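> Listed below, chain by chain, are the residues.
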Amino acid sequence: MTQSVVVQVGQCGNQIGCCFWDLALREHAAVNQKGIYDEAISSFFRNVDTRVVGDGGSISKGKICSLKARAVLIDMEEGVVNEILQGPLRDVFDTKQLITDISGSGNNWAVGHRVFGSLYQDQILEKLRKSAEHCDCLQCFFIIHSMGGGTGSGLGTFLLKMLEDEFPEVYRFVTSIYPSGEDDVITSPYNSILAMKELNEHADCVLPIDNQSLFDIISKIDLMVNSGKLGTTVKPKSLVTSSSGALKTQHKKPFDAMNNIVANLLLNLTSSARFEGSLNMDLNEISMNLVPFPQLHYLVSSLTPLYTLTDVNIPPRRLDQMFSDAFSKDHQLLRADPKHSLYLACALMVRGNVQISDVRRNIERLKASLQFVSWNQEGWKTSLCSVPPVGHSHSLLALANNTCVKPTFMELKERFMRLYKKKAHLHHYLQVEGMEESCFTEAVSSLSALIQEYNQLDATKNMPVQDLPRLSIAV
Amino acid sequence: MSIVTVQLGQCGNQIGFEVFDALLSDSHSSQGLCCKRENEAYQASCKERFFSEEEKGVPIARAVLVDMEPKVINQTLAKAAQSGRWKYGQHACFCQKQGSGNNWAYGYSVHGPRHEESIMNLIRKEVEKCDSFSGFFIIMSMAGGTGSGIGAFVTQNLQDQYSNSLKMNQIIWPYGTGEVIVQNYNSILTLSHLYRSSDALLVHENDAVHKICAKLMNIKQISFSDINQVLAHQLGSVFQPTYSAESSFHYRRNPLGDLMEHLVPHPEFKMLSIRNVPHMSENSLAYSTFTWAGLLKHLRQMLISNARMEEGMSHHTQPNFSWGLTMLPRLVLNPWFQEFKTSLANMVKPHLYKNLEGFKDPALYTSWLVPVNAFNVWKTQRAFSKYEKSAVLVSNSQFLVKPLDMIVGKAWNMFASKAYIHQYTKFGIEEEDFLDSFTSLEQVVASYCNL
Numbered sequence: 001m002t003q004s005v006v007v008q009v010g011q012c013g014n015q016i017g018c019c020f021w022d023l024a025l026r027e028h029a030a031v032n033q034k035g036i037y038d039e040a041i042s043s044f045f046r047n048v049d050t051r052v053v054g055d056g057g058s059i060s061k062g063k064i065c066s067l068k069a070r071a072v073l074i075d076m077e078e079g080v081v082n083e084i085l086q087g088p089l090r091d092v093f094d095t096k097q098l099i100t101d102i103s104g105s106g107n108n109w110a111v112g113h114r115v116f117g118s119l120y121q122d123q124i125l126e127k128l129r130k131s132a133e134h135c136d137c138l139q140c141f142f143i144i145h146s147m148g149g150g151t152g153s154g155l156g157t158f159l160l161k162m163l164e165d166e167f168p169e170v171y172r173f174v175t176s177i178y179p180s181g182e183d184d185v186i187t188s189p190y191n192s193i194l195a196m197k198e199l200n201e202h203a204d205c206v207l208p209i210d211n212q213s214l215f216d217i218i219s220k221i222d223l224m225v226n227s228g229k230l231g232t233t234v235k236p237k238s239l240v241t242s243s244s245g246a247l248k249t250q251h252k253k254p255f256d257a258m259n260n261i262v263a264n265l266l267l268n269l270t271s272s273a274r275f276e277g278s279l280n281m282d283l284n285e286i287s288m289n290l291v292p293f294p295q296l297h298y299l300v301s302s303l304t305p306l307y308t309l310t311d312v313n314i315p316p317r318r319l320d321q322m323f324s325d326a327f328s329k330d331h332q333l334l335r336a337d338p339k340h341s342l343y344l345a346c347a348l349m350v351r352g353n354v355q356i357s358d359v360r361r362n363i364e365r366l367k368a369s370l371q372f373v374s375w376n377q378e379g380w381k382t383s384l385c386s387v388p389p390v391g392h393s394h395s396l397l398a399l400a401n402n403t404c405v406k407p408t409f410m411e412l413k414e415r416f417m418r419l420y421k422k423k424a425h426l427h428h429y430l431q432v433e434g435m436e437e438s439c440f441t442e443a444v445s446s447l448s449a450l451i452q453e454y455n456q457l458d459a460t461k462n463m464p465v466q467d468l469p470r471l472s473i474a475v
Numbered sequence: 001m002s003i004v005t006v007q008l009g010q011c012g013n014q015i016g017f018e019v020f021d022a023l024l025s026d027s028h029s030s031q032g033l034c035c036k037r038e039n040e041a042y043q044a045s046c047k048e049r050f051f052s053e054e055e056k057g058v059p060i061a062r063a064v065l066v067d068m069e070p071k072v073i074n075q076t077l078a079k080a081a082q083s084g085r086w087k088y089g090q091h092a093c094f095c096q097k098q099g100s101g102n103n104w105a106y107g108y109s110v111h112g113p114r115h116e117e118s119i120m121n122l123i124r125k126e127v128e129k130c131d132s133f134s135g136f137f138i139i140m141s142m143a144g145g146t147g148s149g150i151g152a153f154v155t156q157n158l159q160d161q162y163s164n165s166l167k168m169n170q171i172i173w174p175y176g177t178g179e180v181i182v183q184n185y186n187s188i189l190t191l192s193h194l195y196r197s198s199d200a201l202l203v204h205e206n207d208a209v210h211k212i213c214a215k216l217m218n219i220k221q222i223s224f225s226d227i228n229q230v231l232a233h234q235l236g237s238v239f240q241p242t243y244s245a246e247s248s249f250h251y252r253r254n255p256l257g258d259l260m261e262h263l264v265p266h267p268e269f270k271m272l273s274i275r276n277v278p279h280m281s282e283n284s285l286a287y288s289t290f291t292w293a294g295l296l297k298h299l300r301q302m303l304i305s306n307a308r309m310e311e312g313m314s315h316h317t318q319p320n321f322s323w324g325l326t327m328l329p330r331l332v333l334n335p336w337f338q339e340f341k342t343s344l345a346n347m348v349k350p351h352l353y354k355n356l357e358g359f360k361d362p363a364l365y366t367s368w369l370v371p372v373n374a375f376n377v378w379k380t381q382r383a384f385s386k387y388e389k390s391a392v393l394v395s396n397s398q399f400l401v402k403p404l405d406m407i408v409g410k411a412w413n414m415f416a417s418k419a420y421i422h423q424y425t426k427f428g429i430e431e432e433d434f435l436d437s438f439t440s441l442e443q444v445v446a447s448y449c450n451l
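Top line first, the protein sequences correspond to chains A and B.
At position 382 of the first sequence the residue is numbered 382 (full-length UniProt numbering), and the sequence of numbers has no breaks.
At position 135 of the second sequence the residue is numbered 135 (full-length UniProt numbering), and the sequence of numbers has no breaks.
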């Protein structure tokens, strides 16, 4: 069994990370009734005997003593991290896993990347190495950050290069929150584009998510819960936004519900690697199956169901509905419509009491309405995990490598160009040592090249599939 | 003589468990429908082949379990121990922490050499436990990374180290519409390598077994465990003891050897398939009766019309004596293949042998073989696994050409766009290796087509 380390950077990254650890504890508590530290828990948590001072406290088997998250928390201002440390999750984190500063990055990628990058480089490296050492077999780094700010965006992507150099064999999965159109940070296009260049070059897999989609999903859930359709009530614990049963019980912040969705995404992504099933899928298989060319590693995700009804006997029709929903544009965590764009590859990660025949039936049914690239007409990867998420009897996570990410990137580029043409706010960046205008132009051309790749694929969309001439053998 | 089974990857281990379970529960079943002495001889023969000395009365399977991540092996060991009737050897498994990631190159070039010594040691220990060793039975899938990549690597090693022993690889052909996106690449790499190092490839297609579960056994929600059980039933009926040529009461001593001798007359033609009649759910079994004539007629028709199961096949295909295109009223003409499948060799195991003349028709076979060489019958009095009468047909015929051709075609299309190739070159499998595989498989397809 392998382990993963979560690196949460910046305000957004840390808030999401906090929700994630909360949910992870809840999930393992539900599954692991006996309190034994097993391999499933060890993928995200260490078992530590807190009476031992210093480093020697790790226990590898037996009863759970005290669980510590395999996480590194980085933020250049103290507010968020302090709050976490004073909250109910304080025991899950080690003070040695934190890196904080006071002043913050001022929503400036250059400050995050260059100034704080060089300042904290050694410390960060040391913390990362420590967490890697605590792992038997480290498979993956999960980086959570936002693209629009300064720390998450700048320092978060600085990390990527470091991880690539230090731990070349460990996968880097990045969960990036993209700024939506109505973002209140004016310089977010600059920050995002500069960060994208790093993502293009140093990440193995990126899961882009945007706030607007998360917000729309929340509104939809609220509507369902409050509309109280006759005879149907939503199981309270089943909301993908709910953290009931978890340690944090107060949803005071507006972003909490949205962060819960992302946390659920990460949990479901790793479920087949942690728990048993009839068709397992490890994290390295995600990259292997969904990344046909190294640059095209952006995966659009969708989670269903968002809630379950209290009706316990779920007939197969509801199950099929779950599959249909996964492809509808309302359930995507990015503003995208995969059904009307070209699929390069698609992965369906199913949890719960779903069998292979159900999956196959739905693939057959949905195939006709989806367009796949000519050389990958049957590009499906499936995984079946027998352990359902808390509050649901089954769930589905769909990851798609689809050209529908293109509009998001194009929009971002447009917003960037609007600012850049006027040279607005540029001086804040150029003030930082080592930053020049060429950084900006390089970043834009990197993004343009990516968009061009997607364009080329889209051009093949409606062409008939031709079988290429095969090798002929002299008999 | 004993057979050592090597179970590789998630698929191999899950199926291996079901096979041993089926073999043991059949040999202990009370519905053998034969005399006591017969039953005992059968049980003893089955035990010697697949299980070794008992420890506290529980037979230990002659198997080596290999997987690159621990979840499945742990589950398999637990299930076997739970059954109470048999178990796996304590030290018979090899496990790592991180899987092969569906990457054939990783399995073959990284995991294989890295763990070569440990795996081969485990196998050697198992072989040494056998009084007389017949050969290897390797269970693996083609679509993933461990079963396919390490399977190919291990088979090659077995070829080198145990060149006098026989190796039969049980390959699981993946579903046509993806379980794994790169399954076509993994499959062609596996097949081309196995064709060189294995002695026979016994193929099971997930699609076919799925249909059997759906149509014949009426299972509504088919799980992999249902599929594996049907598979195990088919394999069990092939491997259970049968009479040797001399007389009744003497069970065949060398099943693998005899199988290979009869079914693989030429190294160019190694792909075998199994067809089994009847298949039904337990509920229907109590209300059914069979006649031999009916069963065997179905079996023959399945062979000719290339059906995988006894429903839904065309009864109008007749053998004919020319090897040109068959012109038949209701079949769509496919310029590449004759709809009527010619066979290289067939072997039937009916219980309570009856009229098998239908299988000796020379029109069924290719021109360079006479039926008497190509067709063999193995029989036994004892019924198998609750079926009063059953027959299984193992054949080496053209039936796998179409699926093979499809896989090669799809892999070729993907290869032309260079998709996913960087994942393989990262671990040492270059484009030339792909081209080599394509070439050897096109050769196999062409040879089978020319039958």
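Keep in mind the hints are simulated off the structure, nothing from the lab.
Fair warning: there could be bad hints in the mix.
[As the list claims (entries may be wrong)] With a straight-line cut-off of 35 Å between C-alpha atoms, the simulated DSBU-like cross-links for lysine-lysine are:
#, chain 1, residue 1, chain 2, residue 2
1, B, 402, B, 215
2, B, 211, A, 461
3, B, 297, A, 367
4, B, 125, A, 367
5, B, 97, A, 34
6, A, 413, A, 423
From a predicted model like this one, the values you see are computed outputs, not experimental measurements.
> If a hint holds in the structure, say so; if it does not, say that too.
Here's how the hints hold up against the structure:
no.	hint	result
1	B/402 x B/215	22 Å, holds
2	B/211 x A/461	33 Å, holds
3	B/297 x A/367	38 Å, violated
4	B/125 x A/367	49 Å, violated
5	B/97 x A/34	24 Å, holds
6	A/413 x A/423	15 Å, holds
The structure fails hints 3, 4 (numbered hints given earlier, in ascending order).
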